[in-house]
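*Asks:* So you can see what is in the structure, the chains are spelled out below.
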Amino acid sequence: MRPIIILAVVIALAIAGTVLANLRRQRIREEYSLLWILLGIGLVVFAVFNDLVDQVAEALDVVYAPSLVFFLGFCFTLLLLFHYALEISRLSEQNKVLAQELGLLKLEGETSGTTVARGAKSVSPEGGEGSR
Amino acid sequence: MVTDPGAPKVLIIVPAYNEERSLARVLAAIKEKAPAYDVLVVNDGSGDGTSRAARAGGASVVDLSFNLGIGGAVQTGFKHALRQGYAVVVQVDGDGQHPPEEIQKLVEPVLRDAYDVVIGSRFLEPTDYRGSRRRRLMIALLSWLCSRFAGGKITDCTSGFRAFSQPAVAFLADNYDMEYPEPKCIPALARQGMRIKEVSVNMRERASGISSLSGLKALSYVINVTLALLVDSIRTRPSQRVGEDEP
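Keeping their order, the protein sequence lines are chains A and B.
Residue numbers are given in the working numbering: position 46 of the first sequence equals residue 46, and the series is strictly consecutive.
Residue numbers are given in the working numbering: position 209 of the second sequence equals residue 341, and the series is strictly consecutive.
The following block holds chain A by itself, in its conformation from the complex (with noise of 0.2 Å):
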């Protein structure tokens, strides 16, 4: 096997491995990992049958078949970010409810003689999920 091969079939595995690793101690949601779960599966489809990229080039009647990994890294790219795109507008919007409803809260607060700024103050950091 050359050499070449086996250091793609390496480096797929751990590209896989990494996002299994880490979908596996939830440190990232099953929701935004599985485009990296399906991009861990394709390199290492692809680097373990190398001929392949050939086979579906010829197929699809792409003359360089390099161009066709490129063009599926580019789709894989344009997703990931129009991805990105929703996730960051969901997250601005509560983040702005989220300010909008702190900032309500300080006014009732002072308003109704209560002193939530202070009592805040006094939740450790770590509180939460810690404290169970």
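Source of the hints: derived by calculation from the structure; they are not laboratory data.
Given the structure is predicted, the values throughout are model-derived calculations rather than measurements.
Accuracy of the hints is not assured; some may be wrong.
Unchecked claim - With beta-carbon atoms standing in for the labels, derived distance ranges:
{"#": "1", "chain 1": "A", "residue 1": "Ile41", "chain 2": "B", "residue 2": "Arg215", "range": "47 to 53 Å"}
{"#": "2", "chain 1": "B", "residue 1": "Gly283", "chain 2": "A", "residue 2": "Ala65", "range": "54 to 60 Å"}
{"#": "3", "chain 1": "B", "residue 1": "Ser352", "chain 2": "A", "residue 2": "Glu87", "range": "22 to 28 Å"}
{"#": "4", "chain 1": "A", "residue 1": "Tyr64", "chain 2": "B", "residue 2": "Ser264", "range": "52 to 58 Å"}
{"#": "5", "chain 1": "B", "residue 1": "Thr368", "chain 2": "A", "residue 2": "Gly73", "range": "29 to 35 Å"}
{"#": "6", "chain 1": "B", "residue 1": "Arg215", "chain 2": "A", "residue 2": "Glu87", "range": "26 to 32 Å"}
{"#": "7", "chain 1": "A", "residue 1": "Leu35", "chain 2": "B", "residue 2": "Met310", "range": "23 to 29 Å"}
{"#": "8", "chain 1": "A", "residue 1": "Glu87", "chain 2": "B", "residue 2": "Leu362", "range": "20 to 26 Å"}
{"#": "9", "chain 1": "A", "residue 1": "Phe49", "chain 2": "B", "residue 2": "Phe198", "range": "48 to 54 Å"}
{"#": "10", "chain 1": "A", "residue 1": "Gly42", "chain 2": "B", "residue 2": "Thr368", "range": "31 to 37 Å"}
{"#": "11", "chain 1": "A", "residue 1": "Leu80", "chain 2": "B", "residue 2": "Ser352", "range": "25 to 31 Å"}
{"#": "12", "chain 1": "A", "residue 1": "Ile6", "chain 2": "B", "residue 2": "Gly347", "range": "54 to 60 Å"}
{"#": "13", "chain 1": "A", "residue 1": "Val45", "chain 2": "B", "residue 2": "Arg215", "range": "53 to 59 Å"}
In this text, a Cβ means the ideal position worked out from N, Cα and C, and glycines have one as well.
Got chain A; can you put chain B on it based on the hints?
*Replies:* Structure of chain B alone, referenced to chain A:
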């Protein structure tokens, strides 16, 4: 503040971003011309003493943790008004360009329940307003576009000097654009069946601060608002208010 407990509650929303210098004057003028109305300053993450100036001026203050932009700030005021049960909401900018003596002109048609949205326009009749030619052209263009989408004549779609009825506030509390709220909300409100009217008002030059629309920004504003209006017109809408089609 002494108010007739039976009178409909009116809230004046003053969005302010780094308006420390002009805010005291604006709040004093509001207090003088509209003493019966509550005033809420929405401090949009200012880096200066805006919050202090607002409190010193006797207003309630919402301090936003970071800058949300004019839309996010005013929407915060709408949410407050909705929860506190205000009957009418008026937006008066913190930079001093909206003269408080005109507030009553905007509030009156909403108070007698003739309109849901009353927009203070600089161009309905000749006024003292002197903007650059480019600015006027820009506003005219966007207003024409806005009129097409709203199905009624609008002459000053970028004016933020407005009064809203309670149903309009309830809608806008959930649907208000972050960046280009003034022109964008007009067709949206019209689609909701809100009654919209313009009244002629005088506007001053800003008391301080710089115009948010200069140079390339103006072009970018026109393009963005046009796109926003086009996109908004093809958006899918949430189904009509629940309960309306119940027997």
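*Asks:* Each hint should be assessed against the structure and marked as holding or not.
*Replies:* A quick look at each hint next to the structure:
1. Between Ile41/A and Arg215/B the beta carbon distance is about 50 Å. The supplied range of 47 to 53 Å therefore holds.
2. Here the CB-CB span from Gly283/B to Ala65/A is close to 57 Å, well matched to the stated 54 to 60 Å.
3. In this structure, Ser352/B and Glu87/A meet the distance hint of 22 to 28 Å, their C-beta atoms being roughly 25 Å apart.
4. Range check, Tyr64/A to Ser264/B: about 55 Å between beta-carbon atoms, so the 52 to 58 Å window is met.
5. Checked against the hint of 29 to 35 Å, the C-beta distance between Thr368/B and Gly73/A comes to roughly 33 Å, which is consistent with it.
6. Separation of Arg215/B from Glu87/A is about 30 Å and conforms to the stated range, judged on CB atoms against 26 to 32 Å.
7. A C-beta distance of roughly 28 Å is found between Leu35/A and Met310/B, which places it inside the suggested range of 23 to 29 Å.
8. Between Glu87/A and Leu362/B the beta carbon distance is about 24 Å. The supplied range of 20 to 26 Å therefore holds.
9. Checking the proposed 48 to 54 Å range against Phe49/A and Phe198/B shows it holds: the Cβ atoms sit about 51 Å from each other.
10. Between Gly42/A and Thr368/B the beta carbons are some 34 Å apart, a value that agrees with the proposed interval 31 to 37 Å.
11. In this structure the supplied range 25 to 31 Å holds for Leu80/A paired with Ser352/B, their Cβ-Cβ distance being about 27 Å.
12. At about 58 Å, the beta-carbon gap between Ile6/A and Gly347/B stays in the expected band of 54 to 60 Å.
13. Evaluation of the 53 to 59 Å hint for Val45/A and Arg215/B yields a pass: the beta carbon distance comes to about 56 Å.
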